[in-house]
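Trainee: This is what each chain is made of:
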Amino acid sequence: MSTQSPDTQTESETDPQAERLERKEERADEAASSTTETAEDTVELKVFRYDPEIADKQEPRFDTFHVPRKQGMTVLDALMHARDHFDSSLTFRHSCRQAVCGSDALFINGSQRLGCQTQIQDLNNSDTVRVEPLPHADVVKDLVVEMEHFYDQMESVEPYFDPSEEPEGEQLQSRENREKIKMSTRCIWCGACMSSCNIAAGDNEYLGPAAINKAYRFYFDEREGEERQQERLEIIEQEHGVWRCQTQFSCTTVCPKDIPLTEHIQELKREAVKSNLKFW
Amino acid sequence: MSQSYDRGLIEDFGRWREFSAGMWAWVFHKFTGWVLIAYLFTHIAVLSTSIEAADASAAVIANGEDVYTQTLHGLESIVIVRFLEVGLLAVAVFHILNGVRLLLVDLGLGLEQQDKSFYASLVLTGAIVVASVPTFLTGAF
Amino acid sequence: MAERYSSFSRGGLAWFLQRATAAFLVVTLAFHFFLLHFYNHAPEITFAGSMGRMEVPAYWLTMVLFLGTATFHGVNGVYNALVNQGISGTPKRVAKWVLVVAGVALFVQGLRVSFALAGGSLL
Amino acid sequence: MYEHDVLVVGAGGAGLRAAIAAHEEGADVALVTKLHPVRSHTGAAEGGINAALRNGDSWQDHAYDTMKGSDYLGDAPAVETLAQDAPENVIQLENWGMPFSREDDGRVSQRPFGGLSFPRTTYAGAETGHHLLHTLYEQVVKRGIEVYDEWYVTNLAVTDEDDPNERSCHGIVGYDVQTGELAGFRANDGVILATGGMGQVFDHTTNAVANTGDGVAMAYRAGVPMEDMEFIQFHPTTLPSTGVLISEGVRGEGGILYNTEGERFMFEYGYATNDGELASRDVVARAELTEVNEGRGFEDEYVMLDMRHLGEERILDRLENILHLAEDFEGVDGLEEPMPVKPGHHYAMGGIETDEHGQTCIDGLYAVGECACVSVHGGNRLGGNALPELIVFGKRAGSHAAGRDLGEPKIETGKPANPELEDLDTTASLGTVGDDEAAADGGLAAEDPETVVDAAVEREDERITRLLEKDEGTQHAEIRSDIQKTMTANVNVFREEDALEETLHDIRDARERYEDVYVADKSRTFNTDLQHTLETRNILDIAEALTMGALARDEFRGAHWRKEHQERKDDEWLKHTMVSWNDGQPELWYRPVILDGENKTYEPKERSY
Ligand SMILES: Cc1cc2nc3c(=O)[nH]c(=O)nc-3n(C[C@H](O)[C@H](O)[C@H](O)COP(=O)(O)OP(=O)(O)OC[C@H]3O[C@@H](n4cnc5c(N)ncnc54)[C@H](O)[C@@H]3O)c2cc1C
Ligand code: HEM
Ligand code: SF4
Ligand code: F3S
Ligand code: FES
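Which chain is which? The protein sequence lines are A, B, C and D, in order.
Using my numbering, the first residue of the first sequence is number 1, and each one after it goes up by one.
Using my numbering, the first residue of the second sequence is number 1, and each one after it goes up by one.
Using my numbering, the first residue of the third sequence is number 1, and each one after it goes up by one.
Using my numbering, the first residue of the fourth sequence is number 1, and each one after it goes up by one.
It cannot be assumed that every hint is accurate.
What the hints assert, rightly or not - Keeping only pairs whose Cα atoms sit at most 35 Å apart, straight-line, the calculated DSBU-like set for lysine-lysine is:
no., chain 1, residue 1, chain 2, residue 2
1, A, Lys70, B, Lys30
2, D, Lys575, D, Lys485
3, A, Lys46, A, Lys57
4, D, Lys522, A, Lys57
To be verified - Where chain C lies over chain B, by a calculated footprint (3+ residues, C-beta under 8 Å):
no., stretch
5, 60-66
6, 117-125
Think of the hints as simulated: they come from the structure by calculation, not from any bench.
Keep in mind it's a predicted model, so treat the numbers as computed, not measured.
In this text, a Cβ means the ideal position worked out from N, Cα and C, and glycines have one as well.
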């Protein structure tokens, strides 16, 4: 497919780079002109809008944007397109675009997902995409929800390595032990799990799957020592701890990092029962 | 200060179409549990007629003319009660099957198949109930 | 070690007993249903028939245990459900005592029924 | 006004480490960050952290490899500090619970990485950065260090003496994104900038949307020189649609690259002698782009990376996360299809000029992490050398700001009295368009710190009010997108004189349009429109300095390639490109590289792997 025809070289010193970009642009134009007629080539994006300060947004509503469809387009791409081309006040959190920062957990076509990790073509209904802020959280504006409560729950489980004795030099950890906690360390604090859990929605003090998972990560880290482990168990067992979980599995289903949250919670329940039965 | 908008109850109950298997299992288990405990209370209430019946004479008892037997038979002859009993069976069977599923989940077994085992409980409940309809309804009409 | 022991949070104990009773109930409830709906048909139950069964001590004991566990399981289940819905403070305390009283009443009444059915034979 | 001893701007790996160090020194420290800490882009790092931990390895070897990798544009004192301090800092992370991958004997694992003479890259699965970031944040939580998250720092509060070397920094101006409140933050002992990369200068990057180079631009406008801005690392295998990085591991395991003709071009066209796909990043990136430019690219944009022949088992075992990335971000199944890839911006070697304590020429102003240039990476960063930089220099800056004595720095900062100046040969006008920059009239020089901070808040308040009150004009998104396009077209892997020159005109044009910018969203609540508009201003300043450096440096060194000058010119160019902002006018000058280490001198050698 050598398109290196010499007659394109007429303009003064056109370099291949510029030529390539020109070709690309032509292609894009072509694509664009062909899309204007066929409605199939746009995605209908229905987005929840709300702003406490702007008069006509105080009553929440849905806005519809028609975003040109592209191969590999994610929901986040579509949102960014809508913001940059149609309405710059469209507000949502995002940053990494690669499912590591946990900013853009959203309610997409009825389930909690990361906007950046969700290919539009993979959705059940890929012609109409409904995007809402995470359920069970207060909406600050548009798709932005209040995350403070989630952070508070995360931080309430003492989520930091805190060994019984200060280590000197490199500590050893067995491969098995690292393997044991591996999945639990993958959490990106996106809050999808918490939003999906009915129990967390009903009981504001419930630690929630992500925080319990965090507790799991430290509880099972053999480097911390047994004394600390006992203290951690008390956090886990508290009134609004593991016992609140009703094994609904929604958290596990939505977790974008595939962390087996329910399994971790259940394991901790058993640990708690076991450690207490010992003294019977 | 920023204000925030709380979408309230709509979030809790308006989303049922989007519930996942585990959520339905939870809802059903809850419902069946409550029905069962409510039934237990009525059940004992009905059976309490036996206390009075115990005072009846041996002949009355032998003839089935005591309050206990009369009450039970009276109830059993009402068609609706028969249907309610089928309902009770459904409720009990589902609660048992899903209860077993939950016990397994608590033991860390079959977590990967949790949605399948829920559907299995539903299907099995249906099958058992259908199979027992003849037994439950004999003589009802 | 007393401290440890007392640190057994009620939530955990309740949770555990709910499972333990459930495991027991699987057997008894299935047995109960089978016996009184499939083996003996419900419409054919009579006081005499019930008495005949209840006079067997093992059956009587099973039924009383069945009643006890079911009552505990049911009442505790309701209580847990309320707690999970987030009730706390006074409503929680009220719910707890109402349920305890109801549970005890149910069990006592059930016991009386069982004695009535067992005839004097067990006493 | 908020007040703390030490203020750290940015809570990625560098910022968090600095905050912990300052806290351990006893300072009252606070982090101010536009993203919640765990959202920082450090979390995206995959590969690992270099540190000479084992017998058979030594910090000297690490320093040597780094110097060589930098193409002799790293400063030896910085490079040696990095290599010396890295082991202890990595063990510190381990002691804080970081879940490193482990050997059979329970010690942390290390693996080989490009350009290293010893397998010294410590890693935690393919998510090293994620674990580093979270471990550090956990320690911040443990210490109860105050975090102002979702506070966007718009500017620094610096006095305005004529000579930047005499200025001092007393704080920052923060904008609470959630509420729209603008507030002054006073720092008694120091402000540490740790704002990360500047990938948004390009339209195709592995960097986050938040990586807009704010810290660099703020420091620059306050008078700190930007150093070696033209050195940008382009990664050869990024996904075309999003720029998500496909790790070098795929090629390491035997993945191959081919063009539309089905040719394994790395071999067919002899881009790299024998290494084929395994040649160094810049070589592969240039090869791919040559293929595309010569018409052998798919959709005139990308080439294909194929790993299907490795077999499902091996792929699942070692490259599982690549499958997820290709699937999630490109909609391609790596087991069934080849994956489209193209070069993308990855890392900025240059940044805010600092010494090895992280200090800039402005008193009380520090910079660490990717926004800083100490410089350890020189012309080209080795894989796995950025993360140790974060923790080593983060710690040093944090404790120095909090008052610890680290001795005399060996690296000089600030424009000396008689620098070697460059008169850039361009027809484009540079610098500010209007008079939005208050000239350094010395008015604040003698004032007390509070007044300096208040004055800065007032200035920012005016700027923001102006943007919000304007009802029509240009939207920032257009300007940003134009800059990104021109930068990617002209200042990327291939750099030609005319195109660079043209870019300066494009930037000028964009600057003019920015004069007319307005913010359509009038709300004070979570106004990202406003925030992004402010960021775009930073992108403009950075793009300009970057292009100026690229135009000035007429040689081929490290990641910087010039069509007309395809050789490294050691006689002329063993020096850093510096750009200073003189009251709105960028000025180019040079500072010689320091090749003398503690007890050896690094003699420039051919960089061939
Ligand atoms: C995909 C990828 C893979 C990589 N892999 C590796 C690797 O394997 N090994 C390696 O050594 N390096 C790697 N790197 C490089 C390395 O990860 C980065 O250089 C490093 O993480 C940057 O850290 P930082 O702390 O300087 O900045 P960041 O982590 O980007 O943090 C910046 C912080 O500054 C804040 N901030 C920015 N602007 C403002 C403002 N105006 N006001 C307030 N706060 C602000 C942000 O909120 C954020 O908290 C990789 C980079 C990428 C992109
Ligand atoms: C056949 C055996 C039974 C099994 C295996 C079983 C199992 C369970 C289990 C595991 C739970 C706990 C659910 C949870 O907390 O997540 C539960 C709850 C409950 N059960 Fe049962 N159960 C059985 C019989 C009964 C009976 C006979 C009754 C009625 C008396 C009953 C009433 C309840 C109630 C009221 C709840 C609480 C429901 C809620 O959460 O709201 N169960 N059951
Ligand atoms: S556990 Fe999963 S869903 Fe929950 S916050 Fe962490 S990554 Fe998100
Ligand atoms: S959804 Fe909620 S109930 Fe438990 S299994 Fe997950 S935390
Ligand atoms: S943008 Fe970071 S997780 Fe989606």
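Trainee: Now tell me, hint by hint, if it's right for this structure.
Mentor: We went through each hint and held it up to the structure:
Proximity of Lys70 (chain A) to Lys30 (chain B) is assessed by CA-CA distance (about 45 Å); at most 35 Å being required, the pair is judged violated. The hinted pair formed by Lys575 (chain D) and Lys485 (chain D) meets the criterion: a straight-line CA distance of about 29 Å does not exceed 35 Å. Between Lys46 (chain A) and Lys57 (chain A) the CA atoms are separated by roughly 15 Å; this keeps the pair inside 35 Å, and the hint holds. Of the pairs offered as hints, the one joining Lys522 (chain D) and Lys57 (chain A) holds, with about 12 Å between alpha carbons and a cut-off of 35 Å not exceeded.
Remark: the stretch 60-66 of chain B is confirmed as covered by chain C, as 4 of its residues place a Cβ nearer than 8 Å to a Cβ of that chain, reaching the required three. As drawn, the stretch 117-125 of chain B meets chain C at 0 residues by the rule of a beta-carbon pair under 8 Å; below three, the given contact is violated.
Consistency with the previously given hints fails for numbers 1 and 6, ordered from lowest to highest.
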